[in-house]
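K.L.:
Residues per chain, in single letters:
Number of protein chains: 2
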Amino acid sequence: MATGRTHRPATRSRGIPEATVARLPLYLRALTALSERSVPTVSSEELAAAAGVNSAKLRKDFSYLGSYGTRGVGYDVEYLVYQISRELGLTQDWPVVIVGIGNLGAALANYGGFASRGFRVAALIDADPAMAGKPVAGIAVQHTDELEKIINDNGVSIGVIATPAGAAQQVCDRLVSYGVTSILNFAPTVLSVPEGVDVRKVDLSIELQILAFHEQRKAGEEASSQDAAQPVAPPVRPAPAAGTEDGHDDSDRKGPDGDVPAVMPA
Amino acid sequence: MATGRTHRPATRSRGIPEATVARLPLYLRALTALSERSVPTVSSEELAAAAGVNSAKLRKDFSYLGSYGTRGVGYDVEYLVYQISRELGLTQDWPVVIVGIGNLGAALANYGGFASRGFRVAALIDADPAMAGKPVAGIAVQHTDELEKIINDNGVSIGVIATPAGAAQQVCDRLVSYGVTSILNFAPTVLSVPEGVDVRKVDLSIELQILAFHEQRKAGEEASSQDAAQPVAPPVRPAPAAGTEDGHDDSDRKGPDGDVPAVMPA
DNA sequence: CAATGTGAACTATTTCACAGCG
DNA sequence: CGCTGTGAAATAGTTCACATTG
Numbered sequence: 001m002a003t004g005r006t007h008r009p010a011t012r013s014r015g016i017p018e019a020t021v022a023r024l025p026l027y028l029r030a031l032t033a034l035s036e037r038s039v040p041t042v043s044s045e046e047l048a049a050a051a052g053v054n055s056a057k058l059r060k061d062f063s064y065l066g067s068y069g070t071r072g073v074g075y076d077v078e079y080l081v082y083q084i085s086r087e088l089g090l091t092q093d094w095p096v097v098i099v100g101i102g103n104l105g106a107a108l109a110n111y112g113g114f115a116s117r118g119f120r121v122a123a124l125i126d127a128d129p130a131m132a133g134k135p136v137a138g139i140a141v142q143h144t145d146e147l148e149k150i151i152n153d154n155g156v157s158i159g160v161i162a163t164p165a166g167a168a169q170q171v172c173d174r175l176v177s178y179g180v181t182s183i184l185n186f187a188p189t190v191l192s193v194p195e196g197v198d199v200r201k202v203d204l205s206i207e208l209q210i211l212a213f214h215e216q217r218k219a220g221e222e223a224s225s226q227d228a229a230q231p232v233a234p235p236v237r238p239a240p241a242a243g244t245e246d247g248h249d250d251s252d253r254k255g256p257d258g259d260v261p262a263v264m265p266a
Numbered sequence: 001m002a003t004g005r006t007h008r009p010a011t012r013s014r015g016i017p018e019a020t021v022a023r024l025p026l027y028l029r030a031l032t033a034l035s036e037r038s039v040p041t042v043s044s045e046e047l048a049a050a051a052g053v054n055s056a057k058l059r060k061d062f063s064y065l066g067s068y069g070t071r072g073v074g075y076d077v078e079y080l081v082y083q084i085s086r087e088l089g090l091t092q093d094w095p096v097v098i099v100g101i102g103n104l105g106a107a108l109a110n111y112g113g114f115a116s117r118g119f120r121v122a123a124l125i126d127a128d129p130a131m132a133g134k135p136v137a138g139i140a141v142q143h144t145d146e147l148e149k150i151i152n153d154n155g156v157s158i159g160v161i162a163t164p165a166g167a168a169q170q171v172c173d174r175l176v177s178y179g180v181t182s183i184l185n186f187a188p189t190v191l192s193v194p195e196g197v198d199v200r201k202v203d204l205s206i207e208l209q210i211l212a213f214h215e216q217r218k219a220g221e222e223a224s225s226q227d228a229a230q231p232v233a234p235p236v237r238p239a240p241a242a243g244t245e246d247g248h249d250d251s252d253r254k255g256p257d258g259d260v261p262a263v264m265p266a
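So the sequences go chain by chain: Z and Y. 1 is the number of the first residue of the first sequence in the UniProt record's numbering; add one for each residue after it. 1 is the number of the first residue of the second sequence in the UniProt record's numbering; add one for each residue after it.
FYI, nobody ran anything at the bench for these hints, they're computed from the structure. Built from N, CA and C at the ideal position, the CB exists for glycine as well.
In the BS3-like style, the derived pairs of lysine-lysine whose C-alpha atoms are separated by at most 25 Å in a straight line are:
1) LYS201/Y <-> LYS60/Z
2) LYS134/Z <-> LYS149/Z
3) LYS60/Y <-> LYS201/Z
4) LYS218/Y <-> LYS149/Z
5) LYS134/Y <-> LYS149/Y
6) LYS201/Z <-> LYS201/Y
7) LYS149/Y <-> LYS218/Z
8) LYS134/Z <-> LYS134/Y
9) LYS57/Y <-> LYS201/Z
10) LYS57/Z <-> LYS201/Y
11) LYS218/Y <-> LYS201/Z
12) LYS201/Y <-> LYS218/Z
Pair by pair, the computed Cβ-Cβ distance ranges are:
13) LYS149/Y <-> GLY138/Z: 37 to 45 Å
14) GLY112/Z <-> SER177/Y: 27 to 35 Å
15) SER63/Z <-> GLY15/Y: 29 to 37 Å
16) LYS60/Y <-> THR70/Z: 39 to 47 Å
17) ALA19/Z <-> SER177/Y: 27 to 35 Å
18) ALA115/Z <-> LYS218/Y: 21 to 29 Å
19) PRO17/Y <-> GLY138/Z: 44 to 52 Å
The whole structure should be built from the sequences, with the hints applied where relevant.
P.N.:
Rendered as structure tokens:
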């Protein structure tokens, strides 16, 4: 492992900005829909609207891929679908393993979009021997012991972790040791991986907390009464030096300006 | 122009950068773990490592909240847990509804992290009458007809959409019309919502595609043969003008520089 | 002449590096 | 003396606006 560093300056591939890469799948989805309706061409304006971005951004994004449009006309739908697919690597087959077949793992296995574009569920793995053999989404669950063989036999390079948080790092280590180099992590943990391995995480609880933050702000605009329950630890001050300041809460720096009113949904 | 400026400068709440907000939950989780181990204080270095970010970033992030650390010592764990919780709005109770109780909806309902910090599943909703009354995660599923009442009675402002893509926009519209102002969308669609409503999306298929992109690049470092199957549409050229240029592909602009093989797979 | 492709301006985010405090 | 807090520099990403072209 000789890793030392933990951050990831990598992931900046071949001149295409990461932010652009993250939007390509969005464009692809919109284009696929157009393709199914046999629409031959789209303007950046139309496509941008369908993908929920603004058109300048979309054009700039496409400019990183090359000049695939026609001035005065727009983009050829089929051609662009192909180019983006190729850029994303979806013209090839990606076998994936899903580890942890609980509620979430099962949901993932059943998720249609999984199989759609180039991804194929090569195996479902669970540590519980009782799960072994059970069919989920038409595939028999296999025991963790089979991991190495499965990964080797299928050339799996992408693994999905849907285990409880406690098992995630261990599973991750095993996946990596068997050759997996991309991991999609649903467990609420920070995984540490060696250089060269990509991890993306999907974290429900984080998303909700971000929403709560904004929700609180919205509500704060109006009300300013405070009466929500507080299941969280009370604001124990870290005990400053002994005896200078006493107990005010937030006044020295910026702190929450004025009112962090805790509103409540009526 | 009076209004002049663009549409979405919002979401930039109260001086705290969005990127920072997105990391607060991460810090909170790491801090909670420390708290459970009764660790009294942490340095930015340690906490950063636990959260998987670098320490300068963490300090900068915290500086937006106020000066909650002690120079020469670090941060008081309990105090910081409280401050971040408060900032995120987690000291209050957030009732949420989950709409669409398929595999994914059920997984979400069962997800422990849901209930943990301030979030409470107020109701599980499904359009299928056959689901009504069925208990999932200990809660009886209710029919969509009940939505309005449930939202009003519980003061729900956050909704989770776990329906198929086709139903998502409709469900979203209803949620919004009943007063929901934050939506977590698991359906693979771009939702359009009125000003003032926040949407965050979680999209498995996009995450996989991003991984595939990087995976492809890694592989491309070495090999350069292309022999995967091609389920995607063949590279039909958009038929350029009639007769000027003939068939070169990417030479005028940047295009994929250098090694992105040929445009068409064998 | 409509719509792409893109330099240039602007905004956001990260990182550096160090002054200053406990 | 160690570690926070933060200006300032460096990067990354977005938006503007328009010359260019099919």
